Amino acid sequence: MEYGYEWLRVLAVNFASTHRTENPRGFSEVGENKQLLIAIVVTSFFNNINNLFQVHN
815 MEYGYEWLRV
825 LAVNFASTHR
835 TENPRGFSEV
845 GENKQLLIAI
855 VVTSFFNNIN
865 NLFQVHN
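Numbering (the numbering used here), first residue to last: 815 to 871.
Think of the hints as simulated: they come from the structure by calculation, not from any bench. A portion of the hints provided could be inaccurate.
[What the hints assert, rightly or not] Simulated restraints, written as ranges between beta carbons of each label pair: (1) F867 to G845: 32 to 38 Å; (2) N847 to F867: 29 to 35 Å; (3) F829 to F867: 21 to 27 Å.
Computed from a predicted structure; not experimentally measured. Note that the Cβ used here is the ideal one computed from N, Cα and C, for glycine as well.
Take these sequences, add in the hints, and give me the full structure.
In structure tokens:
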């Protein structure tokens, strides 16, 4: 991945903080490993979607 893992962590933090139905304190109880896992899964999903729509020469 060309951007490194810091932006993945930011993505996971944003995801966790916007989905706070059960945890009103946001992502404070989500560990860093879980944040990274969420970010990797989300990134893989979007990379796969992007690959489906790319035009191959």
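Hints, one by one, checked against the model:
A C-beta distance of roughly 34 Å is found between F867 and G845, which places it inside the suggested range of 32 to 38 Å. Range check, N847 to F867: about 31 Å between beta-carbon atoms, so the 29 to 35 Å window is met. A C-beta distance of roughly 23 Å is found between F829 and F867, which places it inside the suggested range of 21 to 27 Å.
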